[in-house]
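Enquirer: If you want the building blocks of each chain, they are given just below.
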Amino acid sequence: MPLLLFLEQTLNGLQFGVTLFLMAAGLTLVLGIMNMVNLAHGAFYMLGAYFAATLVPLTGSFFLSVILALLGAAAVGLLTEMVALRTLYSRDHLDQVLATFGLILFFRELVKILWGPIAIFMDVPTLFSGRVEIVPGAPYPVYRLLVLAVGVAVGAFLWWLITRTRLGMLIRAGASNREMVGALGVDIKRLYTLVFALGCALAALAGVMAGPLYVVDIGMGDDILIKTFVVIVIGGIGSVRGAFVAAIIVGMVDTFGRILPSQFGLSATIAELAIYILMAAVLFWKPRGLFPAAG
Amino acid sequence: MIGSLDRSRVFILALLAALALLPILATLGGEEFYIGQFRRILIFAIAAISLDLILGYGGMVSLGHAAFIGVGAYVVGILVHHASEETLFLGILPGTFEPLIAWPAAMLISAALAFVIGLISLRTSGVYFIMITLAFAQMVYYVFVSLRTYGGDDGLRFRGGDTLAGIIDLGDDLTFYYVVFAVLLGVLYLGRRLVRSRFGRVIEGCRENERRMRALGFPSYRYKLAAFTIAGGVAGLAGALFATHESYISPSIMHWTRSGDLIIMVILGGMGTLYGPLVGAIVFMLMEKFLPDYTQHWQIVFGPILVLIVLFAKRGVFGWVLPPRSGGGHG
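For the record, the sequence lines run as chains A and B.
Numbering-wise (numbering that gives the first Met the number 0), the first sequence opens with residue 0 and increments by one.
Numbering-wise (numbering that gives the first Met the number 0), the second sequence opens with residue 0 and increments by one.
Worth double-checking, as some hints may not be accurate.
The calculated lysine to aspartate or glutamate pairs, modelled on EDC-like cross-linking and capped at a C-alpha distance of 20 Å, are [said to hold, decoys possible]:
1. A:188 - A:178
2. B:288 - B:97
3. A:111 - B:292
4. A:111 - A:186
5. B:288 - A:216
6. A:111 - B:287
7. B:288 - B:245
8. A:111 - A:178
9. A:285 - A:216
Non-contacting residues of chain B with respect to chain A, defined by C-beta distances greater than 10 Å in every case (computed) [unchecked claim]:
10. 9
11. 85
12. 96
13. 125
14. 126
15. 178
16. 182
17. 215
If you want the footprint, here are the derived chain B segments under chain A, 3+ residues with CB under 8 Å [unchecked claim]:
18. 17-30
19. 45-53
20. 61-70
21. 192-203
The hints are simulated quantities; they were obtained by calculation from the structure and are not laboratory data.
Cβ coordinates follow ideal geometry from the N, Cα and C atoms, glycine included.
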């Protein structure tokens, strides 16, 4: 493989990796702390993208639209949590799977009613529409670099939030022993709601940023949701650090999996298999993932 | 107590009798359309019953059960395809039109796949298990999407493969319906034998308290793996019937939402009851068929209904007829 192609694909892989991380960070927290399977997480990815795609032409500002889309998705998440999910925390996983599957059907149909079944396209914001030569002779889209930077920044922010703040301390404590944290006088319900809304906003951010790169349609949340599950399982449920490492690995494997087979004359869809084989291998050796959370 | 036991038996018999009479009534009423419709429902009921074995009795929340249906369907489709093209599968194996060979082959291969997937998945539990079964199913899905020889994403339409044992014409709506009905009865019978056997009790024990079962000396992993394999094989049989029913195979049959649909059928009817999934399949698939006539956006209603069912009516349709299980703790 030529070196330039290799560099370009490495950046693509990292960029897809951080997108996966944004999805996985919220989901792994919800899973780790609340012990709750949420299949509807992909819906917030989708909602974020749809919100932004609608708001950009209205407001004329990409940044404003992103902020509003995140707030919108967080608000929908908040509402969903309070109306439907709150009662599910204490239920078994089967109930959670079923109910959140119901939520997927609901959100998908809602989007179909509001925006129609046809995919919509989102333009790359003009400010970032150019290309830049990081390595001479290899122009790389600025927007993809922006996605990468945002992903890394959010990762750093989460690390700070979880390890250096009081809220993060409560989150970690909640993950290891829910009842104890509750008994110490922390309003665990509010903590859950907050974490859930944060997760929704992160998923929406991933969706917004993926919007101009791919296509905004009703199925967009499904594919990434399952890959996010793979990331979480590989990284270890409840571990944000694990999610980050696994997301980068999966992003890389997925990206190079698409390039390498064509170099050997194989179908590119075979690449989809690579990450599942990786997951099976990891689980075979470490059934609780690479970074099993304590507890 | 005895009264309600009788009630559930009456309910089951009435249901089976209705299903047996349905094609005759449909023909008399000039609504032959229902025969094909219900044949499809019964095929999915078989798959839902197989899921109930591991989900309801074993407590294994598999979110990848549709993969086994898909593999079963593809085995039949591929065999018939090669038979009609007069080519060899992988250059060695000839195809066949005979369902008596193709269906058991589908069952065996699905069971073998379930064994391999179970081997890895059952090392985990809880959330991990849900996600791994989902991911494996997704993997199988993409294998078939990438198989261009058999139509890839578009699927494969095939002709033939609808004469059973050289004499029974499955092309005839009524005949095929009764063949599927007979398979369903067989699966129900064997399923009941299975869950009432020592093996079935151990599986249920693993659901309630796996650690205790291990302490009692049962190798729970092996028991669960056996149950998972059997369920995969039966789902493969359902897939085989489905392929013959449609004369068409495509990866969409094993899309992950199909696995979700199967779980819904099991819960809707009442899990851990075997007959419940049959009821659930009927209710779910009739809704899927007829609700779109009222509103195109029926899922926006169905989604929240599902949430409500989970929150308030966990025991399913069958649970209203069946007496609450006594003595055995919460079931």
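Enquirer: Hint by hint, say whether it matches the structure.
Expert: Results for each hint:
1. The suggested pairing of residue 188 (chain A) with residue 178 (chain A) holds, with an alpha-carbon distance near 11 Å, which does not exceed 20 Å.
2. This hinted pair does not check out: residue 288 (chain B) and residue 97 (chain B) have alpha carbons roughly 31 Å apart, beyond 20 Å.
3. For the hint linking residue 111 (chain A) to residue 292 (chain B), the alpha-carbon distance of about 17 Å falls within 20 Å, and the restraint holds.
4. Proximity of residue 111 (chain A) to residue 186 (chain A) is assessed by CA-CA distance (about 37 Å); at most 20 Å being required, the pair is judged violated.
5. Under the criterion of a C-alpha separation no larger than 20 Å, the hint pairing residue 288 (chain B) with residue 216 (chain A) is inconsistent with the structure, at around 25 Å.
6. A distance of roughly 17 Å separates the Cα atoms of residue 111 (chain A) and residue 287 (chain B); the hinted pair therefore holds under the 20 Å criterion.
7. For the suggested pair residue 288 (chain B) and residue 245 (chain B), the alpha carbons sit about 16 Å apart, so the restraint of at most 20 Å is met.
8. Restraint check for residue 111 (chain A) and residue 178 (chain A): not satisfied, since their Cα atoms lie roughly 41 Å apart, outside the 20 Å limit.
9. Using a Cα cut-off of 20 Å, the hinted pair residue 285 (chain A) and residue 216 (chain A) is violated, with the two alpha carbons roughly 36 Å apart.
10. No beta-carbon of chain A is positioned within 10 Å of the beta-carbon of residue 9 (chain B); the least distance is around 29 Å.
11. Non-interface call for residue 85 (chain B) relative to chain A: holds, since the shortest CB-CB distance, roughly 26 Å, exceeds 10 Å.
12. Once the 10 Å rule is applied to beta carbons, residue 96 (chain B) is consistent with being away from chain A; the minimum gap is 29 Å.
13. With a cut of 10 Å on Cβ distances, residue 125 (chain B) falls inside the contact zone with chain A, its closest approach being about 6 Å.
14. Once the 10 Å rule is applied to beta carbons, residue 126 (chain B) is inconsistent with being away from chain A; the minimum gap is 6 Å.
15. Chain A leaves residue 178 (chain B) outside its interface by the beta-carbon criterion, the shortest separation being 32 Å against a cut-off of 10 Å.
16. Consistency note on residue 182 (chain B): stated as away from chain A, and its beta-carbon is indeed over 10 Å from all of that chain's, at 27 Å minimum.
17. Taking the minimum C-beta to C-beta distance to chain A, about 23 Å, the non-interface status of residue 215 (chain B) holds against the 10 Å cut.
18. Counting residues of the stretch 17-30 of chain B whose beta carbon lies closer than 8 Å to any beta carbon of chain A gives 0, which falls short of the minimum of three for the stated coverage.
19. For the stretch 45-53 of chain B, the stated coverage by chain A is violated: 0 residues have a C-beta nearer than 8 Å to a C-beta of that chain, whereas at least 3 were required.
20. Counting residues of the stretch 61-70 of chain B whose beta carbon lies closer than 8 Å to any beta carbon of chain A gives 1, which falls short of the minimum of three for the stated coverage.
21. For the stretch 192-203 of chain B, the stated coverage by chain A is violated: 0 residues have a C-beta nearer than 8 Å to a C-beta of that chain, whereas at least 3 were required.
Taken one by one, the earlier hints fail for this structure at numbers 2, 4, 5, 8, 9, 13, 14, 18, 19, 20, 21, listed in ascending order.
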